[in-house]
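Q: Sequence:
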Amino acid sequence: MPESAKPRETGEPATEQEVWESLKQVFDPEIPVNIVDLGLVYDLVIDELPDDVGRRVQMKMTLTAPGCGMGPAIAADAQNRMLALPGIDDASVEVVWDPPWHQSMITEEGKKILGIA
109 MPESAKPRET GEPATEQEVW ESLKQVFDPE IPVNIVDLGL VYDLVIDELP DDVGRRVQMK
169 MTLTAPGCGM GPAIAADAQN RMLALPGIDD ASVEVVWDPP WHQSMITEEG KKILGIA
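Just so we're aligned, residue 109 is where the sequence shown starts under the numbering used here, counting upward by one.
The reader is advised that the hints may include incorrect statements.
To be verified - Simulated crosslink set (DSS-like; lysine-lysine; CA at most 30 Å straight-line):
(1) K132 with K168
(2) K220 with K168
(3) K219 with K168
(4) K220 with K132
(5) K132 with K219
By construction, these hints were calculated from the structure, which means they are not laboratory data.
Hey, can you work out the whole structure from these sequences and the hints?
A: Here it is as structure tokens:
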């Protein structure tokens with residue numbers, strides 16, 4: 109089991125780093141690179157829910173192409189992975205198209221995997 113998937117023993121809520129690590133387990137089925145290294149995640153905000161009832165993650169992401177048929181499945185996978193983290197009680201994923209995704213947004217790690225580094 110990857111470190112990021114292991115339950116925490118302290119009871120503390122997931123950190124921002126752990127949220128990012130969980131998103132590295134989300135893949136576009138047509139591309140062997142996770143959504144973080146593809147540069148598809150544009151924004152990630154973690155805040156407290158009203159009345160101190162937990163924490164919420166709000167994520168904005170894009171897809172490699174507007175016609176990507178896997179978009180809803182990718183967004184749902186990201187949302188489910190965030191909700192599986194300790195202390196995350198609400199998670200939303202908004203797919204946005206501005207700015208348009210471009211290959212230059214891929215991380216160095218992603219480029220190595222794709223063989224374009």
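Q: Hint by hint, where does the structure go against what was stated? Just the numbers, ascending.
A: Checked against the structure, no hint fails, so every one of them is satisfied.
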